[in-house]
Amino acid sequence: MNHPSDAISSLKPVYLDGIGVFGPGIADWSQARAVLNGSAAFDLDADVPPFNVADLPGTERRRAGKSVKLAVDLAAQAVHAARIDPAQPAAVFASTSGDTNVLTDICAALATDDRLISPMRFHNSVHNAASGYWTIAQSNRQPTTAVALHNLTASAGLLEAAIQVVSEQIPVLLVIYDIPFPPPLDAAEPIATLFGMSFLLRPERTEHSVAQLALSLTAASESPVDTLSDPALEALRTGVAAARTLPLLAALAIERNEATNITHTVTLDYVAPRVLTLDVTAITDAVDSMRNAS
Amino acid sequence: MSESLLPITPTSGTKSPAMCPLAISHFTLSNALGFGKAATLTALQERRSGLKPCDFLDIALDTYIGRVADLENLPVVDRLGAFDCRNNRLAQAALRQDGFELAVQAAKTRYGADRVAVIVGTSTSGILHTELAFRERDPDTGALPSPLHYRETHELSSAPEFVRQYFELTGPVLSISTACSSSAKVFASGWRMLQSGLCDAVIAGGVDSLCLTTLYGFSSLELVANEPCRPADTHRGGISIGESAGFALLERRPQAPEAALGLLGYGESVDAHHMSTPHPDGLGAELAMQRALDRAGLAACDIDYINLHGTASRTNDSAEDKAVSRLFGSDVPCSSTKGWTGHTLGAAGITEAIIGLLCIEHGLIPGSLHTRQVDPEFTSHIVLDNETRPVRRVLSNSFGFGGNNASLIMGQLDT
Chain Y
1 MNHPSDAISS
11 LKPVYLDGIG
21 VFGPGIADWS
31 QARAVLNGSA
41 AFDLDADVPP
51 FNVADLPGTE
61 RRRAGKSVKL
71 AVDLAAQAVH
81 AARIDPAQPA
91 AVFASTSGDT
101 NVLTDICAAL
111 ATDDRLISPM
121 RFHNSVHNAA
131 SGYWTIAQSN
141 RQPTTAVALH
151 NLTASAGLLE
161 AAIQVVSEQI
171 PVLLVIYDIP
181 FPPPLDAAEP
191 IATLFGMSFL
201 LRPERTEHSV
211 AQLALSLTAA
221 SESPVDTLSD
231 PALEALRTGV
241 AAARTLPLLA
251 ALAIERNEAT
261 NITHTVTLDY
271 VAPRVLTLDV
281 TAITDAVDSM
291 RNAS
Chain E
1001 MSESLLPITP
1011 TSGTKSPAMC
1021 PLAISHFTLS
1031 NALGFGKAAT
1041 LTALQERRSG
1051 LKPCDFLDIA
1061 LDTYIGRVAD
1071 LENLPVVDRL
1081 GAFDCRNNRL
1091 AQAALRQDGF
1101 ELAVQAAKTR
1111 YGADRVAVIV
1121 GTSTSGILHT
1131 ELAFRERDPD
1141 TGALPSPLHY
1151 RETHELSSAP
1161 EFVRQYFELT
1171 GPVLSISTAC
1181 SSSAKVFASG
1191 WRMLQSGLCD
1201 AVIAGGVDSL
1211 CLTTLYGFSS
1221 LELVANEPCR
1231 PADTHRGGIS
1241 IGESAGFALL
1251 ERRPQAPEAA
1261 LGLLGYGESV
1271 DAHHMSTPHP
1281 DGLGAELAMQ
1291 RALDRAGLAA
1301 CDIDYINLHG
1311 TASRTNDSAE
1321 DKAVSRLFGS
1331 DVPCSSTKGW
1341 TGHTLGAAGI
1351 TEAIIGLLCI
1361 EHGLIPGSLH
1371 TRQVDPEFTS
1381 HIVLDNETRP
1391 VRRVLSNSFG
1401 FGGNNASLIM
1411 GQLDT
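Protein chains in written order, with the working numbering: chain Y, 1 to 294; chain E, 1001 to 1415.
Chain E with its partners taken away, still in its complex shape (with noise of 0.2 Å):
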């Protein structure tokens, strides 16, 4: 019970050490795809975009967006009605696929209920439902509706204090929110919190849901797109935002033999750059993606797939080119699959290390949708037709605002 992942290498210079591999022995996703993990795979296989025109609310901005069809249908349960907002509706549709509900009570039963810890992710979190509060303020006063419920809904532990909650359990709790990074780096922390003993399965997950800030903050910084986003397209003209829960339940591998897949490694950094540029020559992305491969004691050349975080905004992904040419070459193949799914923005990070795990299962390289023709300063290898392929190992790169960094190496567990 208490055997170290901690590896024998020492931690010593700026190198970070080699760590044993975590399992991931379930995991879940829903986005504008669909709902479940096999309605991504499938449009992927099929290269059918979740993108469409805007027509979230009454918000008339000439942009594509990834909304979950339904949500407005699907409240959360009736016992945690306090928590009844989009983004909680939005995390109770993806815990309500592919098994996952069954595979924590499975962990709950083992372990305990307070050796199950719930690490989400989140950007804005239920800001939505404040939005619309603002709306209905009282002409006189001021005032809000009462309840506002605050926080349930929109303070940044609201969606994994509704996990928690909704399985009915005692062990640590953490609302992680460093923008597009958020739910990467619930994996470091969930490794982290194994690592150290105090508990024996993690609850990894992420959830960000449409709301006024993310569309009219990134028109305001003239960072949308007026088409189907492009990722690494020499005319990319910026992003399409989407919205997206994933969780993936995280345990340690002598717990879980039978587990196939499992973090190889992670990474995290920070630009030390500018608040909402990136830096110009990647190197923050960089040393996180540098990071990643010395945990996971690999090379450049042991990794078969690179999910770029690939906005398709221009700096980014010109920034996101430079980094990996230089640590890769031109010879890994990477894409984005935001052409898909939109910017999930907080939650990207757990739906692009999902779509990694999914490409792993199934031996997919996924062409980058909607790019026409790839920037000709680029030197990475970016690919535009999806191939069918082994694929062993998947490193998934997460940046967001504040400079702030993850990368995620998942791959196949050897036996």
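Chain Y with its partners taken away, still in its complex shape (with noise of 0.2 Å):
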């Protein structure tokens, strides 16, 4: 029953080139850090942000939901900050239910008389909707990927954008999202606000690393999941699957010298019993001149 001892749990690590992040009050990462330092408060029901959708084409741009905006204006932040050509990296899209209000709005017609539903609102439909849209806008024909696993999604998306990553030895575009459900369907499954965030992981360290990530599966039992000390960040964590992250972009928030610089292990909830850890290694600047002088 037991498996070899010499089981494979981690995965080879993987370089984080640019983050993006998106949700109430929060437009993008220096925002989303000046939060996760504690420098700027954060209010579960703050504005959301117009959306940055300059990369989508005038007719996308019509056509496209609130979920697609959110995933696209992701997806140029991570992509952007890295400074990778936006045709160039593989896409993994991670959402619990993707658009809501589509599929409200498609159950609901569904049950009047006429059963009427828009070919758009079809087509928008699907859950790799925002990929579409995507590499439309970018003229980009690597392989894209749609993934959900309920609370579960952000961990799975991580896991699927690493071990792509680590297997095919290509640049992943991995983007998280979650938006609300209008009534009635909120109250069977309550997502508390919109957020998403986004990452564009390498297999090699670039100029632009910003941190090294090493992804294991651990037993919960050794490891409990990471919670967030501010009472409306953890109200975040927990009210919204694509905010399982936080700790994670938390441990990257944090400010680091040289002398700081040390891993720090995140846990992130997974299929129980375990959990999904990442060893976070912050890249510095300091760092990087000592290994040029070496």
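Bear in mind the hints are in silico, worked out from the structure with no lab data behind them.
Computed from a predicted model, the values in this text were never measured in an experiment.
Hints are supplied without guarantee of correctness; some may be wrong.
[Said to hold, decoys possible] Here are the in silico distance ranges between beta carbons for each label pair: (1) Y:H208 x E:N1386: 52 to 58 Å; (2) Y:A87 x E:R1314: 27 to 33 Å; (3) E:D1140 x Y:P224: 42 to 48 Å; (4) E:P1254 x Y:E222: 26 to 32 Å; (5) E:A1038 x Y:T59: 45 to 51 Å.
Cβ atoms here follow ideal geometry from the backbone N, Cα and C, with glycine treated the same way.
Build the complex: two chains, separate frames, hints provided.
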């Protein structure tokens, strides 16, 4: 019954070159960083900033729903921060329920007498709508996938993206995003607010790498899931599947210098009785110059 | 244990690296042709379609569907009652065929419950459950019946989580939902998961079941035929929608030396063209097929049969023909089996991968059912009559909305 003692539970490390975050009162990584560092307050009910969907052509911008705009904003943040050609990376789009507005509209329309749904609403209902719009906008023909795992969607997306980076030795864009259901589905499936984050991950370190991430599956009994001390941020973490990565973002948000450049281990929830642990090692300019000198 | 499946050739440029084949040690399939893979094989051999005039619920659409009989009477096991919905009933019915349960139990015993992964593709999951609940909304408050069990029935990981709990596994789990390529891509993710070493076996599968969203949605796009679909035909008038569930057990070859069949290659791409219309010249489709050949280390002439995506929509079949013709010329026999099963959407990838495996096992090339006159514009070799001859390697295409493409190559494993 027991697996061999040399069974592998860790992935080869990957490098993080670009980060995007979007949510209430948060339009980008610098604003998220301020909130996670405690230098700015987080309010779950704060207004959501306007989406930056400059990357979408006009036609697609008109056709895209809210979740697509959120995902495209996040995708653009990560690739631009990583200074990578947007046509280059493969992509993993992770969301528990995708476009909850479109799903609700379709189910409501199908309960009426005429059952008419618009063609555009139908093609926007597929879970890979965001990846479709993004790749059209960027003329990107690399493999893209769209995944889900309910409250564990963020960990599942991280794992799938990291496995692609390691196995295929390619850069991978990871976008994790959720928007709330409108009534009446909000009662059955509460999603607290709109939130998302994005990473551009690479198999090798580049001059834009900000951290090294080493993922492992670990027994939950050995490593409890990280929580956040700020009640508003903790409510975000528990209230939105896409925000389950907040402890990881918090570790990345810590200001570092050479003296404090140590590895932080972050624990996120995964399929019980295991958790997803990430050894996060920041890459600072100081480390760069040391390595260059040696 | 830690032997890498990564090949010697490094990844460079745009060419996908060749890969070591993966063992497909067991597989099972259920759809409108019947429960278990023998039902599909027999129907293929007898050229008997599973498509019938639409008789699903109260849906009055002038179309043919591939409905699985008797799901209404096959609830999921009591202990997983919250998961009960048409989609998981179909998944469970498939799991119970072809000795698949025993094979999973053996893998679990051999490797450990945490070393068996579950990766399932679906397009619409159990949305029918929510669609029907909307008919029962409270007339005053608009509230849905409670509890809805949304997570267990409709959320996209409903089926993989059902499968995981059905077998009491604790390995990695994933739902892939990329429209009609969903359950082809499970093979790619499964291969990578095994290659990473995070598991020792993968239950890779797909399940999609009839629902109002797809029947009325494809009707709104005027993509649904009013007769059984006729792939590659001059007068093809659109798709017939079906439902299906299939599962394959993937293992590394050294740990499954008795396996005769395997996954030789996969290729993934997107069109970057349009949300619901394929690139007219099939550029993304060609890229997916080329990547699959590269990974398998094979040339076009090594493929004995191509199971086309072949939906019988005007644009898909035309674009796919161009892509296939550019890569394979007019020699490799091609056909679509959607005239038998209908287009099973998110389950099409696993359905046609398993049909490909059956074709290899039984030396069968199924001629495209319902196709009377091949579109004269087509230049690929569309087969109209069944042929019996040795088939060593099959390429299977699955293309979806969002321009999402996946091609798989299955084949005999050399001993």
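So, going through the hints one by one against the coordinates:
1. Y:H208 x E:N1386: 52 to 58 Å: Holds, at about 56 Å.
2. Y:A87 x E:R1314: 27 to 33 Å: holds, 29 Å
3. E:D1140 x Y:P224: 42 to 48 Å: holds, 45 Å
4. E:P1254 x Y:E222: 26 to 32 Å: holds, 30 Å
5. E:A1038 x Y:T59: 45 to 51 Å: holds, 49 Å
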